[in-house]
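Colleague: Sequence:
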Amino acid sequence: METFEQVRVRRPELERFVAELLLRAGARRDGAEAVARATVDASARAFDTHGVRLVPHYVESLLSGRVKAAPEMRFTRQAAAVGRLDADDGFGHLASYRAVEEGVAMARETGIAAVAVARSSHHGATGCYTLAAAQRGFAAIGMTHSDAIVVPHGGLKPFNGTNPISFALPVAGEEPMLLDMATSSIPLNRVFLRRASGQPLPPEVAVDGEGAVTTDPHQAVALMPLGGAEFGYKGAGLAAMVDLLCSAFTGMAHGAALPPFTGTEESQPVALGHFFIILRPELFQPLALFNSRVADFLADLRAQPARPGARVMAPGDPEREAQADRRANGIPVDVATWTALRGLAARKGCVMPAAVAES
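Residue numbers for the sequence shown follow my numbering, so the first one is 1 and each next one is one higher.
For the record, the hints were derived by calculation from the structure and aren't laboratory data. None of these values were measured; they are calculated from a predicted model. Glycine residues also receive a C-beta, built at the ideal position from the N, C-alpha and C atoms. Check each hint, because a few of them may be wrong.
[What the hints assert, rightly or not] Taking CB as the label site, the calculated pair distances span:
{"id": "1", "residue 1": "R29", "residue 2": "A328", "range": "25 to 35 Å"}
{"id": "2", "residue 1": "R24", "residue 2": "T262", "range": "38 to 48 Å"}
{"id": "3", "residue 1": "A306", "residue 2": "A105", "range": "10 to 20 Å"}
{"id": "4", "residue 1": "E72", "residue 2": "R108", "range": "24 to 34 Å"}
{"id": "5", "residue 1": "D300", "residue 2": "R347", "range": "48 to 58 Å"}
{"id": "6", "residue 1": "G173", "residue 2": "A328", "range": "17 to 27 Å"}
{"id": "7", "residue 1": "K157", "residue 2": "H218", "range": "25 to 35 Å"}
{"id": "8", "residue 1": "T110", "residue 2": "G173", "range": "20 to 30 Å"}
{"id": "9", "residue 1": "V312", "residue 2": "V213", "range": "24 to 34 Å"}
{"id": "10", "residue 1": "A354", "residue 2": "A299", "range": "32 to 42 Å"}
{"id": "11", "residue 1": "G237", "residue 2": "A288", "range": "15 to 25 Å"}
{"id": "12", "residue 1": "Q304", "residue 2": "R347", "range": "28 to 38 Å"}
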């Protein structure tokens with residue numbers, strides 16, 4: 001988890017504010033509410049790099065014309081368990097929630113479904129969408145690619161995107177298990193967050209303009225793949241898998257051929273692809289047996305011996321604990337983001353949400 005100067009805000013107030021801000025910026029209500037739902041959900045679960053700190057970026061993408069305010073998204077069922085969603089350059093959040101809804105509907109019949117999303121845009125934390133499926137009793141795998149910001153293993157210049165992958169699984173009697181990770185060493189937004197908070201980067205996660213490893217977030221221009229200098233072939237291999245599922249299966253360009261997310265052509269759509277796989281557990285095993293196996297796995301994993309001062313946790317456990325704190329004490333928003341949101345609110349005539357506390 002990141003540490004930063006912050007303002008804390010209650011979730012309902014924050015979600016209302018983000019949606020209102022996007023509406024005032026010209027978004028259609030369904031897009032505004034999807035972005036608000038996803039960004040606030042990510043922040044509520046301590047995915048601060050992909051939470052409300054991205055809202056100013058999404059507002060500017062809307063105002064510049066990079067993202068359409070009123071897209072005409074079209075879903076086509078290609079086969080019994082295969083679908084394709086044309087997002088029409090709209091918000092990736094809206095497209096991804098829609099893709100999961102369509103995937104769940106197909107998997108309810110067939111047991112498994114795959115949905116490719118084309119002509120989309122940045123969708124924030126991929127786990128928001130796999131979690132939405134798991135909360136309805138379905139397992140889900142989701143991924144997205146992005147423009148080149150990660151050097152290949154052994155390379156000096158960016159080629160891959162951060163290319164995150166997520167896996168969510170329903171768990172009887174508790175919140176779903178959720179894995180949500182970049183195939184890069186860290187998400188790019190963590191570099192931006194560290195710049196804003198004044199904290200150095202961990203070792204072997206980023207490189208400077210010459211391809212040398214750096215811990216200075218202001219010198220970092222690209223990321224290293226998961227595994228660092230020695231074992232980065234693992235992250236690079238996963239990044240290739242994600243990129244091909246999100247490009248070759250959607251018809252979009254691969255990451256290195258996509259326009260940059262930031263730069264001089266910010267009115268140009270980025271035309272991203274996403275890919276989702278949805279599974280209905282009870283069509284593979286009786287639901288009682290499935291639930292028992294999942295419960296046994298999690299109990300045994302969490303009971304494993306740990307190093308001094310540590311404990312073994314399942315994927316999503318740290319975020320689940322953070323979510324409990326944020327539910328009770330408000331969602332933290334870093335001061336730099338709060339200041340940016342205040343400026344946008346003044347421009348668009350929005351009332352800022354009330355702060356619970358500052359630290």
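Colleague: Compare the structure with each hint and give your call.
Modeller: Results of checking the hints against the structure:
The beta-carbon spacing between R29 and A328, approximately 30 Å, falls within the hinted interval of 25 to 35 Å. A beta carbon spacing of about 23 Å between R24 and T262 contradicts the range 38 to 48 Å that was offered as a hint. Distance hint check for A306 and A105: the Cβ-Cβ separation is about 42 Å, which falls outside the suggested range of 10 to 20 Å. The hinted window of 24 to 34 Å between E72 and R108 holds, with their beta carbons roughly 26 Å apart.
The beta-carbon spacing between D300 and R347, approximately 53 Å, falls within the hinted interval of 48 to 58 Å. Take G173 and A328: their Cβ atoms lie about 21 Å apart, and the range 17 to 27 Å holds. A beta carbon spacing of about 20 Å between K157 and H218 contradicts the range 25 to 35 Å that was offered as a hint. Checked against the hint of 20 to 30 Å, the pair T110 and G173 passes, with Cβ atoms roughly 27 Å apart.
At roughly 30 Å, the beta-carbon separation of V312 and V213 lies within the given 24 to 34 Å, and the hint holds. As the Cβ distance of A354 to A299 is approximately 41 Å, the hint placing it in 32 to 42 Å holds. Hint check: G237 to A288, Cβ distance near 37 Å, so the stated range 15 to 25 Å is violated. Between Q304 and R347 the beta carbons are some 52 Å apart, a value that contradicts the proposed interval 28 to 38 Å.
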